[in-house]
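Construct all of the structure, not just a fragment, from the sequences and the given hints.
Here the sequence shown is numbered in our numbering, starting from 2 and rising by one per residue.
Honestly, I wouldn't trust all of these hints.
To be verified - Distance ranges between label pairs, derived from CB positions:
| no. | residue 1 | residue 2 | range |
| --- | --- | --- | --- |
| 1 | Ser58 | Glu25 | 28 to 38 Å |
| 2 | Ile105 | Asp4 | 14 to 24 Å |
| 3 | Ile21 | Ser97 | 20 to 30 Å |
| 4 | Glu72 | Lys5 | 39 to 49 Å |
| 5 | Ser49 | Leu69 | 30 to 40 Å |
Just so you know, these hints were derived from the structure itself, not from any lab.
Glycine residues also receive a C-beta, built at the ideal position from the N, C-alpha and C atoms.
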Amino acid sequence: MSDKTLITASSGNVFADLGINNAEKTLAKAKIANRICELINERQLTLSTASELLGISEEKISRLISGLLQEFDSDQLFQFLNYLDQDIEIVIKPKSPKSKYGEIKIVY
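The structure is reproduced here in structure tokens:
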């Protein structure tokens with residue numbers, strides 16, 4: 002038995018590293034949800050106030066904050082950002098020559 006620890010470099014997407022289907026889409030949703038949570042925290046909104054502002058139940062807010070995103074699609078998350086006074090700009094451009102496929106990136 003060896004005392005050596007095997008370290009594998011990340012691809013930059015934990016979901017891809019774990020073999021999750023639609024890893025780029027999943028990472029994008031996680032980043033959008035993270036920004037929503039940051040905005041809720043910055044404004045010091047209670048669950049009740051956030052629920053009222055976003056138009057969803059406190060239970061759904063709790064799931065969103067906990068990263069349980071299966072019930073939320075990207076359009077709904079974008080709408081939440083708009084309700085939190087955020088503009089969303091989508092830029093479509095040719096893929097990088099270094100990439101095999103196009104990528105989804107969330108920048109804020």
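Verification of the supplied hints:
{"no.": "1", "hint": "Ser58 x Glu25: 28 to 38 Å", "result": "29 Å, holds"}
{"no.": "2", "hint": "Ile105 x Asp4: 14 to 24 Å", "result": "40 Å, violated"}
{"no.": "3", "hint": "Ile21 x Ser97: 20 to 30 Å", "result": "23 Å, holds"}
{"no.": "4", "hint": "Glu72 x Lys5: 39 to 49 Å", "result": "43 Å, holds"}
{"no.": "5", "hint": "Ser49 x Leu69: 30 to 40 Å", "result": "19 Å, violated"}
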